[in-house]
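Please build the complex by placing chain B on the supplied structure of chain A, with the hints as guidance.
There are 2 protein chains.
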Amino acid sequence: MKTGLDYFFYADSVAIVGATDNPGKAGNQIVKNLVEGGYQGQIYPVHPTNKEICGLTCYPDLLSIAGSIELIVIVISDFGVPEVMRQAAKRGDIKGAVIIAAGFSETKIPERIALEEEVLALAREAGIRVFGPNCVGVINTKNNVDTTFVSHINKEFREFSFISQSGATGASIIKFASDQPVPFGFNKWAHVGNMSDVDILEILAYYEKDPDTKAIGMYMEGVENATEFLQVAKRVTKNKPLLILKVGRSEMGSQAAASHTGSLAGADRIYEGAFKQVGINRVSTIDELLDAAKAFSMQPIPKGKKICVLTEAGGPGIICMDELGLSENVEMAELSEGCVKKLQEILPPMAIVNRPQGYIDMSAAALEKAHAEALELVLAEEGVDGVILISVPPTFLDSTKLAKEVVKVTAKHNKPVLTCLMAGDWVKDARVLLETKAMPTFDLPQRAARAMINLVKRNDFLQKLEKEGK
Amino acid sequence: MKTGLDYFFYADSVAIVGATDNPGKAGNQIVKNLVEGGYQGQIYPVHPTNKEICGLTCYPDLLSIAGSIELIVIVISDFGVPEVMRQAAKRGDIKGAVIIAAGFSETKIPERIALEEEVLALAREAGIRVFGPNCVGVINTKNNVDTTFVSHINKEFREFSFISQSGATGASIIKFASDQPVPFGFNKWAHVGNMSDVDILEILAYYEKDPDTKAIGMYMEGVENATEFLQVAKRVTKNKPLLILKVGRSEMGSQAAASHTGSLAGADRIYEGAFKQVGINRVSTIDELLDAAKAFSMQPIPKGKKICVLTEAGGPGIICMDELGLSENVEMAELSEGCVKKLQEILPPMAIVNRPQGYIDMSAAALEKAHAEALELVLAEEGVDGVILISVPPTFLDSTKLAKEVVKVTAKHNKPVLTCLMAGDWVKDARVLLETKAMPTFDLPQRAARAMINLVKRNDFLQKLEKEGK
Numbered sequence: 267m268k269t270g271l272d273y274f275f276y277a278d279s280v281a282i283v284g285a286t287d288n289p290g291k292a293g294n295q296i297v298k299n300l301v302e303g304g305y306q307g308q309i310y311p312v313h314p315t316n317k318e319i320c321g322l323t324c325y326p327d328l329l330s331i332a333g334s335i336e337l338i339v340i341v342i343s344d345f346g347v348p349e350v351m352r353q354a355a356k357r358g359d360i361k362g363a364v365i366i367a368a369g370f371s372e373t374k375i376p377e378r379i380a381l382e383e384e385v386l387a388l389a390r391e392a393g394i395r396v397f398g399p400n401c402v403g404v405i406n407t408k409n410n411v412d413t414t415f416v417s418h419i420n421k422e423f424r425e426f427s428f429i430s431q432s433g434a435t436g437a438s439i440i441k442f443a444s445d446q447p448v449p450f451g452f453n454k455w456a457h458v459g460n461m462s463d464v465d466i467l468e469i470l471a472y473y474e475k476d477p478d479t480k481a482i483g484m485y486m487e488g489v490e491n492a493t494e495f496l497q498v499a500k501r502v503t504k505n506k507p508l509l510i511l512k513v514g515r516s517e518m519g520s521q522a523a524a525s526h527t528g529s530l531a532g533a534d535r536i537y538e539g540a541f542k543q544v545g546i547n548r549v550s551t552i553d554e555l556l557d558a559a560k561a562f563s564m565q566p567i568p569k570g571k572k573i574c575v576l577t578e579a580g581g582p583g584i585i586c587m588d589e590l591g592l593s594e595n596v597e598m599a600e601l602s603e604g605c606v607k608k609l610q611e612i613l614p615p616m617a618i619v620n621r622p623q624g625y626i627d628m629s630a631a632a633l634e635k636a637h638a639e640a641l642e643l644v645l646a647e648e649g650v651d652g653v654i655l656i657s658v659p660p661t662f663l664d665s666t667k668l669a670k671e672v673v674k675v676t677a678k679h680n681k682p683v684l685t686c687l688m689a690g691d692w693v694k695d696a697r698v699l700l701e702t703k704a705m706p707t708f709d710l711p712q713r714a715a716r717a718m719i720n721l722v723k724r725n726d727f728l729q730k731l732e733k734e735g736k
Numbered sequence: 267m268k269t270g271l272d273y274f275f276y277a278d279s280v281a282i283v284g285a286t287d288n289p290g291k292a293g294n295q296i297v298k299n300l301v302e303g304g305y306q307g308q309i310y311p312v313h314p315t316n317k318e319i320c321g322l323t324c325y326p327d328l329l330s331i332a333g334s335i336e337l338i339v340i341v342i343s344d345f346g347v348p349e350v351m352r353q354a355a356k357r358g359d360i361k362g363a364v365i366i367a368a369g370f371s372e373t374k375i376p377e378r379i380a381l382e383e384e385v386l387a388l389a390r391e392a393g394i395r396v397f398g399p400n401c402v403g404v405i406n407t408k409n410n411v412d413t414t415f416v417s418h419i420n421k422e423f424r425e426f427s428f429i430s431q432s433g434a435t436g437a438s439i440i441k442f443a444s445d446q447p448v449p450f451g452f453n454k455w456a457h458v459g460n461m462s463d464v465d466i467l468e469i470l471a472y473y474e475k476d477p478d479t480k481a482i483g484m485y486m487e488g489v490e491n492a493t494e495f496l497q498v499a500k501r502v503t504k505n506k507p508l509l510i511l512k513v514g515r516s517e518m519g520s521q522a523a524a525s526h527t528g529s530l531a532g533a534d535r536i537y538e539g540a541f542k543q544v545g546i547n548r549v550s551t552i553d554e555l556l557d558a559a560k561a562f563s564m565q566p567i568p569k570g571k572k573i574c575v576l577t578e579a580g581g582p583g584i585i586c587m588d589e590l591g592l593s594e595n596v597e598m599a600e601l602s603e604g605c606v607k608k609l610q611e612i613l614p615p616m617a618i619v620n621r622p623q624g625y626i627d628m629s630a631a632a633l634e635k636a637h638a639e640a641l642e643l644v645l646a647e648e649g650v651d652g653v654i655l656i657s658v659p660p661t662f663l664d665s666t667k668l669a670k671e672v673v674k675v676t677a678k679h680n681k682p683v684l685t686c687l688m689a690g691d692w693v694k695d696a697r698v699l700l701e702t703k704a705m706p707t708f709d710l711p712q713r714a715a716r717a718m719i720n721l722v723k724r725n726d727f728l729q730k731l732e733k734e735g736k
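In order, the protein sequences belong to chains A and B.
Under my numbering, residues 267 to 736 are what the first sequence spells out, in order.
Under my numbering, residues 267 to 736 are what the second sequence spells out, in order.
By construction, these hints were calculated from the structure, which means they are not laboratory data.
Zero decoy hints are in this set.
Pairwise CB distance ranges, derived in the manner of DEER restraints: (1) B/Pro326 x A/Gln610: 35 to 45 Å; (2) A/Lys635 x B/Thr315: 22 to 32 Å; (3) A/Gly604 x B/Phe345: 31 to 41 Å; (4) A/Val698 x B/Lys635: 37 to 47 Å; (5) A/Asn505 x B/Lys733: 53 to 63 Å; (6) B/Glu732 x A/Lys635: 51 to 61 Å; (7) B/Thr315 x A/Phe662: 12 to 22 Å; (8) A/Glu611 x B/Thr315: 28 to 38 Å; (9) A/Gly604 x B/Glu594: 44 to 54 Å.
Below, in silico cross-link-like pairs of lysine-lysine (DSS-like), each with a Cα-Cα straight-line distance of 30 Å or less: (10) A/Lys408 x B/Lys694; (11) B/Lys475 x B/Lys506; (12) A/Lys694 x B/Lys291; (13) B/Lys374 x A/Lys635; (14) B/Lys480 x B/Lys674.
Going by beta-carbon spacing under 10 Å, a handful of chain B positions derived as facing chain A: (15) Gln295; (16) Phe415; (17) Thr435; (18) Ala524; (19) Asp553; (20) Thr577; (21) Gly581; (22) Gly583; (23) Pro615; (24) Arg621; (25) Pro660; (26) Asp664; (27) Asp709.
By construction, the Cβ of each residue, glycine as well, lies at the ideal position given by its N, Cα and C atoms.
Okay, chain A solo, but in the shape it has when bound (with noise of 0.2 Å):
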């Protein structure tokens, strides 16, 4: 049975209040992206004078419609907000409404704050849950349900979903996101807007409890209650992956964030520890955040802290091992003296094994073959918990085989391999190949590694766990 959030993730039918014929306006696009994006629910265009948008009968206001609608999404403007939900009141199927529509506490103008509580009161009293106002709303990338008008973003299904404290970040960490060499697409992808009902904090707990979420992101500005959000996030961490991307590093930026969304982002050291106890694994960038997502919905949790890196070329290995060592959280492999011997057999004798411990320059005459059977042997060990692998193909090097043979290796193992393949357009076809059988690929050692250490943090804190018997 459906309850709460089901309204808006599975939405069996949408009507959208300000839809437009009008192409370019936000309220033409939300009808578009249901249409194109091939969602499969009754889809209600409501205009008061246009007949048809984007091939669909359109009505002039939601009392005409006589099928039964589960969704809203209000694209008119403020003020024409509180008869729209008073004739959704008046239907009484009515379960969900996401209000785009700005102007209202955000705004801190009394006579706006009273306009979002008169329209809360109205939806509290029909039972209409609701999303904003000043939201894009949600998407699921499963049944192609999409309230935002956020255009040509990718829809290919994965295990990541995601919830923004802003619109515009979300909208482009997915536009991001679908840049990859295999487009990103996350799971399901929430922006709250001003919280008047649904926040973090609910679809937080409801992430939590979907089966088809496997890690969550968060881009995150500040909240209310700190305790409250800290407690949700400690009990969704014992079962899943959570990356923040929280903002307030710095005083400036706390500032701007105090200005945008009226949140207090506290002293950023109170946020870094606390989040640490809770086993949120904080990110700094955007990239970062990408990255992880992917090694986290692709890859499995490393066992342990000790990683290898397998690298084809001198210099990105050390920008790689630079990066791994600024880490608490890593600890270099400890391979067995076999194992050194087999590598210096296999690979050409430029090679360097093992110096310093756990890195091995495979030299750039290491071919397709000798990748793989390095990458084999260090897999294989015990005191190789993952392998970052890096590659500057040069000619006489065929990416795609590499690819290929990676792609085998790493499946006879439940260890995370990342791989960073660097020639641009070059070696394209390969990280398609290896993004299509879940193998994270990345452009830079050092987002590479960013992401072992986010695997890597993330055992920690189950073991931890493990060891507090939780």
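Quick look at chain B alone, frame taken from chain A:
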């Protein structure tokens, strides 16, 4: 008159010893790069039996070539090199040699160290300067000299030149630069290998005097004589920005560097301090290096440290502020009362103006005209030294129209404007338009922020020099 490194970067004729008609081999790619890259000088492939390579007559050895030769590229293997050098010496006209072959002093094997010494002695006696061994050589995009076997690189002419202590890092930076909205080609590029003769100091000094080079970048693992390096760097930075990606930020990175080039990375804090003192812009990642390179070669240096952030999107603006706030170098812009008032008039009512200081969230309702007018207003302010403009163009904002307006306004002021358009392929055309007009674009707000911090650091150093009367 030609001297020293001119014989490499401006070679009139190139012989490739070890050329081959076997595609995929380095000795084939080098000839291909020269021919297809549009190099206008004479090209002489040398191979014992091949008659023709890439449509060019092939010669059995150097002595069989009737025309004059200025530069040779040696792609044959280690122990064959002395004989090639003897032939080169016998000819008398050869001025430079790029030895790509590896297997010399870098192996630390006495026999091979001696081999390198032998080759060098032969070259010295014949007055031939040597790049390498174990290097990729040089690229000059002005005349298409290219001794590398890096394929598919972009040779668009820019005023940024690069030195690399790692072939793979150097190659991947070029490829990475080629993937920018407008492929970013370096001016000159050099990979030094074992530095038996030409070293990074000499190239640095060469770039210092090169009129086509406006800014210099370097990937550095370590140098033998740090004091001498810092002296040269100190001289160079008086005239040109010097961006260095120096590994060794962590102990693990230092160790990996030591096993690669044998260079002692030294305590990182000492490097950090010394770099700052001599005015080197130290960067942490490949993307920071490229982003700063774009900023330095396209935009003016700010006259001060007061930066204005003008954003259409709350979250991304805050992420940018967060990053700027982590820098000691940047301060936020000071806007006059009149400017603030006018901004409030022209921007949508939801806009947040100058809260915090120097930060303007124009709101998602700001259209092309509002972006342009706001940019014009802040650029005209005395308290603004540079602007970061961020936009996540929604469907109803025409991003190419926006780009045209931004170019027009920016051209009126001699202040750096860095733009961050975040919407993936959706804004590709706009980014191409901006970069074609020498306005660098970035896909993530923290990258634009880091690039601006690098520009401000440069001005800080120049002002310090001026104060000291140097």
